[in-house]
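Colleague: Sequence:
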Amino acid sequence: MILLVSAVREELADLPGHPVGVGAVQAAVAATSLIREHAPDGVVMMGTAGAYPGGPAVGAAVVAARVGQAQGLSVMGLGYTPRPPAPIPADPRLMARFDVPHVGILSVDAISTDAILARRLADDWQVEQLEAFGVAYACASAGVPFTMVFGITHRVGPEAHTHWLTNRVVARRAARAAIGTWIGGSA
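Residue numbers for the sequence shown, in this note's numbering: 25 to 211.
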């Protein structure tokens, strides 16, 4: 059984899944509980995300190849993380089920609205998403394969929130279409 999760119920619409909440910590705790409760063979997270400069187009769906975590303060040189966590690779078999581009997804503590920060975070990453690392960490800790499918709502930077508001419906549909194709193809 594959467990489907998202940050919020609205992202799932009529798909059978569970919300894990907003933010990496809340998502990690909820995903850990869901994994214990359901003992899935794998986890697929879906939802929306932003694209870094040079990343995928707004409205596109993407699948996670690996998930990392960064602190804006560290990236800007205003602080440091003594032992930053290593990126977590997604499961190749789960990734292969989705016919959309495979990208590196970086989780941050807050949606990045500074252009300089966005350029620095984009180094080796294509997509920004708040909950991804929490879910990836919960899966890795439990030994459960995972991947993630996100619709791109915005370019990371100063207009992120406005563009998220404008494009979230289209991006959610793109992610659900990719998930729906997979669910239909796995029946």
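To be clear, the hints were calculated from the coordinates, so they are not data collected in a lab. Where a beta carbon is used, it is the ideal one built from N, C-alpha and C, also for glycine. It is possible that part of the hints are untrue.
If you anchor each label on the Cβ, the simulated ranges turn out as follows [unchecked claim]:
hint: 1; residue 1: 81; residue 2: 167; range: 28 to 36 Å
hint: 2; residue 1: 117; residue 2: 186; range: 20 to 28 Å
hint: 3; residue 1: 62; residue 2: 134; range: 15 to 23 Å
hint: 4; residue 1: 190; residue 2: 138; range: 15 to 23 Å
hint: 5; residue 1: 63; residue 2: 120; range: 29 to 37 Å
hint: 6; residue 1: 139; residue 2: 103; range: 17 to 25 Å
hint: 7; residue 1: 126; residue 2: 95; range: 19 to 27 Å
hint: 8; residue 1: 139; residue 2: 190; range: 31 to 39 Å
hint: 9; residue 1: 109; residue 2: 182; range: 38 to 46 Å
hint: 10; residue 1: 108; residue 2: 78; range: 19 to 27 Å
hint: 11; residue 1: 190; residue 2: 46; range: 17 to 25 Å
hint: 12; residue 1: 57; residue 2: 135; range: 24 to 32 Å
hint: 13; residue 1: 106; residue 2: 42; range: 13 to 21 Å
Colleague: The structure should be examined with respect to each hint, and the outcome stated for every one.
Modeller: So, going through the hints one by one against the coordinates:
For residue 81 and residue 167, the hinted distance range of 28 to 36 Å is satisfied, since their beta carbons lie about 35 Å from each other. Range check, residue 117 to residue 186: about 38 Å between beta-carbon atoms, so the 20 to 28 Å window is missed. The hint said 15 to 23 Å for the Cβ distance between residue 62 and residue 134, and at roughly 30 Å that hint is violated. Separated by about 20 Å at the C-beta atoms, residue 190 and residue 138 satisfy the suggested range of 15 to 23 Å.
Between residue 63 and residue 120 the Cβ separation comes to about 23 Å, which falls outside the hinted range of 29 to 37 Å. The hint said 17 to 25 Å for the Cβ distance between residue 139 and residue 103, and at roughly 20 Å that hint holds. A C-beta distance of roughly 25 Å is found between residue 126 and residue 95, which places it inside the suggested range of 19 to 27 Å. Taken as a hint, the range 31 to 39 Å is violated for the pair residue 139 and residue 190, whose Cβ atoms sit roughly 19 Å apart.
Under the hint 38 to 46 Å, the C-beta atoms of residue 109 and residue 182, about 28 Å apart, miss the expected range. The beta-carbon spacing between residue 108 and residue 78, approximately 23 Å, falls within the hinted interval of 19 to 27 Å. Taking the beta carbon of each, residue 190 and residue 46 are about 19 Å apart, inside 17 to 25 Å as hinted. For residue 57 and residue 135, the hinted distance range of 24 to 32 Å is satisfied, since their beta carbons lie about 25 Å from each other.
At about 33 Å, the CB distance of residue 106 to residue 42 disagrees with the hint of 13 to 21 Å.
Violated hints, listed in ascending order, are 2, 3, 5, 8, 9 and 13; each of the other numbered hints is respected by the structure.
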